[in-house]
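Visitor: Sequence:
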Amino acid sequence: MAQKHLEDFSLAQSEPKKEMKAEALPLTKAATREKDKKRVFPPLAPENLPPSYFVSATYDGQKCKALIKLYEPVSGKIYFWYDNTGHKPYCLTNLSQYELEKLTRLTQHQGFDHFEIVEKFDPLVNRIVSITKIVARDPLAIGGRPRGCIRDIIPEDFPNVSDVQIAQEEIKVWESKIKYYQCYIYDRNLLPGMIYGVKNGDLVPKDLKEIEEMVKQIKGIFKGATAEELQHIEQWARLLEYPAPKFRRVAMDIEVCTPIATRVPDPREATYEVVCVSLYDSDGQKRVLLLKRQNTREGNENLPADVIIEKFDTEENLIRAVFDVLWSYPFVITFNGDDFDLRYLAHRAENLGFRRNEIPIEVGKRVCLLKYGVHIDLYKFFFNRSIQIYAFNNRYRDVRLDDVGTALINMEKIRLEKGIGELTYTELAKYCFRDSEITFKLTNFEHELVMKLILVLARISSMPMDDVSRQGVSRWIRNFMHREHRKRNMLIPNAEDIIAKKGKTVTKAIIKGKKYKGAIVVEPVPGVHFNVAVMDFPSLYPSIMKVWNLGYESILCLHPECRNNLVPDIPHWVCTRKRALESLLIGSLRDLRVQWYKPKSKDKTLPAEFVSWYNITQGALKVILNASYGVFGADSFDLYCPPVAEATAAIGRHSITQILNKAEQIEIQVLYGDTDSLFLKNPSRKQIEELTHWTEKELKMSLDVDKVYRYAVFSSRKKNYLGVLEDGSVDVKGLTGKKRHIPIFIKKAFDRMKERLARVKTPEDFEKAKKDISEIVQGCYMRLKRREWDSLSDLAFNVVLGEEPERYTKTTPQHVKAARILKENRVDVRAGDLISFVKVIREPHVKPVELATKNEIDVDKYIAHLHSTFDQVLDALGLDFDEIIGLTKLERFM
DNA sequence: GCGGACTGCTTACCT
DNA sequence: ACAGGTAAGCAGTCCGCG
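Under my numbering, think of the first position of the first sequence as 648, with each following residue one higher.
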């Protein structure tokens, strides 16, 4: 495979060979061929293209057509396919053609094409309406320019509703903010991420016969599903079962030499020289391109033997060599390339006098895309909170290459002692090479997990891979909702219309400033409890949406006969006549995850590559399902509908309360519970079965035993406990000892306690363990008192600065005080930075670690923190901090 | 002028 | 630009205190 896609250069034509003054090679065969290759742009798909993956889409402003980027995995190339159906951009309005023709600004608009009358189902008024489609020649004519767009002209030129004759009380424009290529994807029923061929110039989906058997098997396990549900399960399964290709790709990193070592150069100015670029590709080719400079020594660092070092006499030639790469790889991976590497290269090339069409980069406001392939900026991807938490279980905490690399693939960046400009060639090469190596490997571990995850998300959301890797979960959900609206010929409602009709919530949140009441947390029973079963509803909220038919259309529907189908405890009702889209789509995704992908991802009898695919798929579904309730309560979501979220939460409270009562009734002690879980003390198998059956029958939802703790420790605090599993692993939830801001000095002591607790098997073991724990605490206390710590940084609190330091006006928290001190010392501090500070005796009682000295540490403050951290566990064990550290009751009183 | 009771702000966590 | 609920620590305010 690696060889194969380098063999085919049939596209190479025209354009004079570029001058390259590289030396100090030798080049491998592959690299030589790559250099010889000549570029043809655009890379048009031939009349008949072998099966290729739909990886991206855009609008070509010159050809005025939708453009699909197809990745052909055998040659490892991208092919462009332009629309040949004459599809055009449009928006919709409730004004008639007659009225619209009065608007000369519209009919004379250079982008205007024609009107059509269409019928669509309007979900908010629950009937088919006749509306006018305004077709344009260019998507920017509909919207997207600051002034004079069609969607703005209509309300501007009809300022008064009385000017026109319409049935509704308002002039409306719909679907004018959908990106044109998304519109194209929906209307043509295309599936990004799936496989297509080109036959006689037409784009045709490849038939998926190799997965038919599997799809049949999947449908077979959903016995209770309705025909409609089954149809959707099948639709999702087709998308998710089809295998992924190998992704031919290159990771890239650049270094720029700046006069001031601490400043990051501005990519919009691109004032300074690009001195090094490293490239690491999926065929194992590793290159470092260096710029020859005066006063730079060679150095004697060793790089891996297979790294090819190329030196360039001029920066221009170096950048040309990099651009050759960007013109030829289907996928280019960077870490922060949107805001730095690609942006810098593009502006630098401009400054150096490159012609526009020589630059392979499309520079946008916030992104940098490639004219040829697909640029994945891993920083954007890993920054996504949903990805961070649900796909990677919070394994990395700061979104920096070093941190993500260490956490996911155990690779660190190379630490620099000096600025880029002072490095020798080999030092610079080694440093830069490591970055592209980490970047590449972040897309390569676990059978190319990251690439496949992006592919799966692209399929679910009907989005290009470049968009899906940059945008948040609410966009993914919105886009598959849009797709399904179009598929059903439903009008996509405007957010303000949903709000006007269904915007009210009726419950009062516990937290001030929130819109509605959320979940229930059961008061824990403090103490140590042996044999604790944790039961939970798998995907509670998506289940509720499915079972209760929740969606913006069904909540508070217009049918009088549905008004008595009430949500428990609140006055909202739900439609009984028509299935809501969200309920159907999210419900079927949930069932597919719970009943197929989750079990398959744990099936040890399958080959590793399959398990990995199932695991990736279930992970992608998890990310989407976890957010599927929340988006309805987020005003940034296009189908924002607070009563849907409110009803979901209300039914959740109702469900857990019902089980609580049932458990009590069959005499199981409930120790704790949170939202969708119950912690049961020593239940019998029979009791568990009874609860499960009852839930299945009465609530129409599944209830599983998630795990069994050998023992669990609760304090009186909610969302705070420690549980030891049978295999000796320890779950710590919410305890201060695991929070990332506390000093490692305290954290280490806490971890020692954790290790000790893991070894406790029986209630009898506890006595010995308590003694050991007391000693751990005692030792820690003494070391503090004697000021015996390894380094000051062990005492640092690390707190994220949520805002720019000046923006704190109401209060000045300690980390902000420290940040301001740093600023006074000319250290650049910005929102999002992690501030490390220690507590000191003198005002203002905090100091950035790097400025503090041992003697000024306020030891008593640290003892107080040690105290409160351990108290969360100690009181459950019947231990007392003060007694442990040897204070008598009298001393404490004094 | 100072401490206690209180509220509010901020961060990090849980589901 | 998914939600609400909880814990902890500190900042700031008010009030009483001969």
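Worth flagging that the hints you see were computed from the coordinates, not collected in a lab.
One thing to keep in mind: the hints can contain errors.
Stated by the list, open to error - Listed next, the in silico DSS-like pairs over lysine-lysine satisfying Cα-Cα at most 27 Å (straight line):
hint, residue 1, residue 2
1, Lys1386, Lys1464
2, Lys856, Lys824
3, Lys1418, Lys1401
4, Lys1018, Lys735
5, Lys824, Lys1249
6, Lys1018, Lys1088
7, Lys1159, Lys1134
8, Lys1088, Lys1249
9, Lys1309, Lys1365
10, Lys1501, Lys1385
11, Lys1386, Lys1354
12, Lys939, Lys1077
13, Lys1415, Lys1328
14, Lys1394, Lys1415
15, Lys1418, Lys1380
16, Lys1344, Lys1269
17, Lys735, Lys710
18, Lys1245, Lys863
19, Lys1386, Lys1159
Visitor: Each of the hints needs a verdict: does it hold here or not?
Guide: A quick look at each hint next to the structure:
Between Lys1386 and Lys1464, the direct Cα distance comes to roughly 21 Å. Compliance with the 27 Å bound is thereby established for this hinted pair. Restraint check for Lys856 and Lys824: the C-alpha separation of about 37 Å exceeds 27 Å, so the hint is violated. Between Lys1418 and Lys1401 the alpha-carbon distance is near 14 Å, which keeps this suggested pair within the 27 Å criterion. The straight-line distance between the Cα atoms of Lys1018 and Lys735 is roughly 22 Å, inside the 27 Å bound, and the hint therefore holds.
The straight-line distance between the Cα atoms of Lys824 and Lys1249 is roughly 42 Å, outside the 27 Å bound, and the hint therefore fails. For the hint linking Lys1018 to Lys1088, the alpha-carbon distance of about 24 Å falls within 27 Å, and the restraint holds. A hinted pair counts as satisfied when its Cα atoms are at most 27 Å apart, and Lys1159 with Lys1134 does not qualify at roughly 41 Å. Between the alpha carbons of Lys1088 and Lys1249 the distance comes to roughly 24 Å, so the proposed pair stays at or under 27 Å and holds.
Among the hinted pairs, Lys1309 with Lys1365 is consistent with the structure: their alpha-carbon atoms are about 22 Å apart, no more than 27 Å. Between Lys1501 and Lys1385 the CA atoms are separated by roughly 25 Å; this keeps the pair inside 27 Å, and the hint holds. Among the hinted pairs, Lys1386 with Lys1354 is consistent with the structure: their alpha-carbon atoms are about 23 Å apart, no more than 27 Å. For the hint linking Lys939 to Lys1077, the alpha-carbon distance of about 16 Å falls within 27 Å, and the restraint holds.
Restraint check for Lys1415 and Lys1328: satisfied, since their Cα atoms lie roughly 24 Å apart, inside the 27 Å limit. Taken as a hint, the Lys1394 and Lys1415 pair is honoured in the structure, with Cα atoms around 22 Å apart against an allowance of 27 Å. Taking the CA atoms of Lys1418 and Lys1380, the gap is about 24 Å. The hint holds against a cut of 27 Å. With a C-alpha separation of about 26 Å, the suggested pair Lys1344 and Lys1269 falls inside the 27 Å cut-off, and the hint holds.
Between Lys735 and Lys710 the CA atoms are separated by roughly 12 Å; this keeps the pair inside 27 Å, and the hint holds. This hinted pair checks out: Lys1245 and Lys863 have alpha carbons roughly 18 Å apart, not beyond 27 Å. Under the criterion of a C-alpha separation no larger than 27 Å, the hint pairing Lys1386 with Lys1159 is consistent with the structure, at around 25 Å.
The structure fails to meet hints 2, 5 and 7 from the earlier list, while all remaining hints are met.
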